[in-house]
Amino acid sequence: MTQRSVPEPREPVPCGMASPFTPGSLPGSLPSSWGPLVDEGRALPVERAARLVAARLGISIGDAADQLNALPSRHRYLLLQQIASTHRSVVYAAVDRALVREVAIKLHLDQDEHAQRGVMTEVRTMSELEHANIVRVFDVEQQDGWLYSVTELCDADMHAWSEGREWTEIIARVLEAGAGLAHVHAAGFVHGDVKPTNIMIKDGLAKLGDFGFATKPRLGPAPYVVGTPGFIAPEVAAGERCASGDVFALAASAWACLFEGLPFGTPPPRASAEASVLVSIERAIRGELAQPKRVPAGMSRSIVAVIERDLHPDPRERPGLGEWLAELSFVLRAVERMRKLRRSWPAVVGGVVVIGLLGVGGYASSRSDREREDSSVDESTQELALDDQGPRNPGDEALEAARAGDSEAVLAALNRALADFDEFSAQEQVRLADLATSSAEELEQHSKDGVPELAWTFAAIFHRRVGQTAQAEAAWAAARGERP
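Just so we're aligned, residue 1 is where the sequence shown starts under the working numbering, counting upward by one.
Please note that the accuracy of each hint is not assured.
Quick list of the computed label-pair ranges, beta carbon to beta carbon [what the hints assert, rightly or not]:
no., residue 1, residue 2, range
1, Arg316, Arg51, 53 to 63 Å
2, Glu152, Ser272, 32 to 42 Å
3, Ser272, Gly62, 16 to 26 Å
For the record, the hints were derived by calculation from the structure and aren't laboratory data. Each residue gets a CB set at the ideal place from its N, CA and C atoms; glycine is no exception.
Construct all of the structure, not just a fragment, from the sequences and the given hints.
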């Protein structure tokens with residue numbers, strides 16, 4: 001990639017920064033009645049409003065009713081809490097007294113005409129993109145000189161929500177956000193600022209929000225870069241507005257939530273936004289992934305391998321969003337299936353599982369050695385750990401396990417193969433794809449527990465990665481039960 005100076009990014013300011021309100025233009029204490037006047041016949045009764053306010057503020061219904069009765073005017077919205085603030089906007093948790101629901105009120109602070117046109121574009125874009133994994137927008141109006149928008153109120157952003165969560169929960173939310181992003185791209189838009197704080201969580205479901213930088217795709221150089229340092233793809237830093245940049249940012253978001261840090265490390269202290277972008281992009285180009293601050297217990301290395309594919313500096317080397325989400329979803333399903341198989345094992349003696357299906361000498365010896373090596377490893381990590389098999393192709397182990405009817409061992413071997421796929425030679429990659437196909441065929445003779453479907457999916461992924469389209473399609477068909 002040709003090196004050039006990076007235009008100053010339009011970077012959101014972290015929550016908590018003071019907002020430049022005009023004195024007296026907004027109430028100084030909360031809760032407060034605000035917005036257009038509402039006919040008392042259409043307003044939410046104080047008793048019902050008090051229940052919503054009490055639940056949000058953690059106070060008694062009686063105290064909430066007293067606060068509401070003390071308000072001097074009857075406007076449509078009850079502003080309860082300030083929940084976010086940047087140099088561009090401030091967001092309140094509120095109650096809509098007319099429609100009896102909690103909402104988020106976002107006041108847009110930029111007063112110039114260009115900025116307000118941008119807000120209208122953002123709101124219209126969100127209203128066009130109705131999807132379960134996109135934050136819903138209800139209205140946009142002006143009040144006391146402020147342009148404001150009304151959206152559904154979410155519980156938290158993904159940055160806050162993911163702390164301490166299991167990796168499987170985080171990946172499930174990434175997949176949901178990816179479904180929303182796929183809808184954005186299908187509608188002909190680029191989001192432009194995908195990051196954990198722009199992925200909201202409501203009732204356990206991820207929703208993509210903040211479309212302030214959403215545009216139509218543009219491949220030519222732009223006058224400035226939009227996005228947040230650490231989540232900006234190299235091609236976006238070069239001036240492009242493209243779907244591949246969103247996918248890179250989603251992969252970076254997955255990394256940040258799993259490992260509690262940016263994939264290419266924290267920018268130098270006191271670095272400008274432009275310098276932060278330059279440092280991050282240079283690290284991305286060199287493939288210098290940061291050391292994780294934490295590694296979730298039992299996380300599959302194949303998940304990390306899939307995430308890293310969409311952090312590649314060259315967009316041509318990254319899978320598209322659909323392919324990336326499909327692989328991520330499949331690995332999650334495979335891991336969950338392996339866990340169920342492990343729980344169904346008949347007996348455990350000294351940390352080593354006793355199975356009565358080891359009829360193949362070479363396979364039995366290999367598995368026994370592997371179990372002894374792994375006996376000191378935490379169980380959740382053991383099922384996914386890469387064993388030192390030397391130059392042996394894990395597809396061989398998968399096929400031997402399939403012939404012995406050991407479904408869990410087949411999935412474990414193919415899972416390791418996916419994690420280390422790029423480390424094999426081109427010849428061994430092709431051989432691995434063929435071995436995965438043979439393993440799936442063998443499993444169909446021994447297993448009716450849904451594992452053959454997963455083995456076929458592994459085979460499809462491997463065939464697709466080596467460019468064997470026909471074999472990949474046949475494997476996908478087998479995974480769906482559509483073989484002739």
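Checked hints:
In this structure the hint that arginine 316 and arginine 51 lie 53 to 63 Å apart at CB holds, the actual value being about 55 Å. For the pair glutamate 152 and serine 272, the supplied restraint of 32 to 42 Å holds, since their beta-carbon distance comes to about 35 Å. For the hinted restraint 16 to 26 Å between serine 272 and glycine 62, the CB-CB distance of approximately 52 Å leaves it violated.
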